[in-house]
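Spelled out, the chains give:
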Amino acid sequence: MGFNWNWEFTWEILPKLMHATLNTLMAAGFGYAIAVVLGMVFALAQRTPYWVLTKVVREFIEFIRSTPLILQIFFVYYVGPQFGLKLGPWTAGMIAIGLHYSAYLSEVYRGGLDAVPKGQWEACTALNMSTRDTYWRIVIPQAIPPALAGMGNYLVGIFKDTPMLSVIGVAELMHTANAIGSSSYRYLEPYTLVGIIFLAISLPTAALIRVFEDRVRRKLGLK
Amino acid sequence: MSYIEFLKEYGPRFWDGTLVTAGQFFLASALAIVIALIAGLMKLSRNGLIRGIAVVYIEIFRGTSLLVQLYWIFFVLPLFGLTLPKFTAGFVAVGMNLGAYGAELVRGGIQSVPKGQWEAAYALSMSPMRRMWRIILPQAFVNMLPPWGNLLIELLKNTALVALISVSDLMFEAKQINGSTFLSAQTFGTALIIYYVFARFIVTPFMRWLELVMRRKLGRA
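Residue numbers (UniProt numbering), protein chains in the order written: chain L, 1 to 223; chain Y, 1 to 221.
Just so you know, the hints here were simulated from the structure itself, not pulled from any lab data. Ideal placement from N, C-alpha and C gives every residue a C-beta, glycine not left out. Please note that a few of the clues may not be correct.
[Said to hold, decoys possible] Result set (DSS-like, lysine-lysine): computed pairs, CA atoms no more than 25 Å apart in a straight line: (1) Lys-160/L <-> Lys-43/Y; (2) Lys-160/L <-> Lys-16/L; (3) Lys-160/L <-> Lys-86/Y; (4) Lys-55/L <-> Lys-118/L; (5) Lys-219/L <-> Lys-118/L; (6) Lys-217/Y <-> Lys-115/Y.
[Stated by the list, open to error] Pairwise CB distance ranges (calculated): (7) Ile-60/Y <-> Ala-33/L: 24 to 34 Å; (8) Arg-134/Y <-> Gln-82/L: 22 to 32 Å; (9) Val-55/Y <-> Gly-157/L: 35 to 45 Å; (10) Leu-44/Y <-> Leu-208/L: 22 to 32 Å.
Given only the sequences and the hints, what does the whole structure look like? Please build it.
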């Protein structure tokens, strides 16, 4: 076959790939939404006075962070049916990728939460605020801005990891490119286009995140 | 089938897979370190063209997915006349990808060496090559070891992707065993635990030890 870029073929498959891009973005968005919430739950669980809970969550996070996402995706997708719980590819994929990134985000939050000065806690105690109010109204709002940089990086990270969902049949970019490749025996165009689409989304996003982060920092008088 | 029987039957295959994963890990690590060093130094070059090449390399490999790169190297490169066996394609893709991330660590590590060290080496009229190799890099190395520990864990995890081009690593064996036994919890659970042990009880302690040794060598511990 050799190297010959076929433009006609390119225009033919581009709409399909664009459509798949939407699915990729959706997968990244859903997964990230799960991770943002669950990550905070994990981070807070490690700050409770119950040491058993703290230890278990800590080990769980370490476990998730040191094992491959792709294996976790397979695990979630295939283990359910063995016990009579059938999950669709989308559901299983979102659980796996959301859980994986929640472990990473919990570490980012942890850094932010630890960075809140002790005086803030003491002031809340002095004002007789409940622990819940203290976290919700005082501590978390201050913990988020320093965590934004890390959160942004993982948003790009989750986007780049969505191709792994193709292995369980989520119809995102990689899955579509594979399908095009195996039906037409042309791999040059689909895989190259997928690479370009990823670059075209992740580079500007990363740049935007930097600008946004800068702005937040300036607004809070950190810079 | 009890879990013990399961392990007796499929243990050897998990072991074979683990060895392939270990091979992928070591080769990809070596490649990533070399690439990171070269690209990191290039990014600090005064020559705009050299810097530009490094930036393009780093942004392309950090801006796209490893899986895309892996497929591209395995399926598209042959069209340009470069056919790599799957094992080679696997660790080359992982190494090139992680090398781009490592390049930023190298750059940061070098920049974190105090300016006085550069000046002192200059005052001793060391050649730029000697200055970099004997004065700057060893200190930069110590500074960047902790993030490299994390990066190597990432690298280990990423080697699992080579299973998708049918390199018979741990992930691949797990997939095969699952396909024939349908004992998903046991199969994927075992593989997860092996990866975990590899990362937590081999890679991490080794990096900790290396940090200690290097710090001692530079008289910082």
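Legend entry - Given hint Lys-16/L paired with Lys-160/L - CA-CA distance at most 25 Å: Measuring from Cα to Cα gives roughly 19 Å; hence the hint holds.
Inset, instruction - Please test the hint of 24 to 34 Å on the beta carbon pair from Ile-60/Y and Ala-33/L. - result: With Cβ atoms ~29 Å apart, the hint holds.
Legend entry - 25 Å Cα cutoff - pair Lys-219/L, Lys-118/L: Holds. Lys-219/L to Lys-118/L sits at ~22 Å (cutoff 25 Å).
Legend entry - Restraint status (C-alpha distance of Lys-55/L to Lys-118/L at most 25 Å): holds (23 Å)
Inset, instruction - Assess, step by step, whether the Cα of Lys-160/L is no farther than 25 Å from the Cα of Lys-86/Y, and give holds or violated. - result: holds (22 Å)
Legend entry - 25 Å limit on alpha-carbon distance, applied to hinted pair Lys-160/L and Lys-43/Y: holds (24 Å)
Inset, instruction - With 22 to 32 Å as the target window, see if Arg-134/Y and Gln-82/L comply at their CB atoms. - result: violated (58 Å)
Legend entry - Distance restraint hint 22 to 32 Å, applied to the beta-carbon atoms of Leu-44/Y and Leu-208/L: holds (26 Å)
Legend entry - Whether the CB-CB distance between Val-55/Y and Gly-157/L falls inside 35 to 45 Å: The hinted range 35 to 45 Å is violated for Val-55/Y and Gly-157/L, with Cβ atoms some 20 Å apart.
Inset, instruction - Could you grab the alpha-carbon distance between Lys-217/Y and Lys-115/Y and see if it respects the 25 Å cut-off? - result: holds (21 Å)
Of the numbered hints given earlier, the model fails hints 8 and 9; all others are met.
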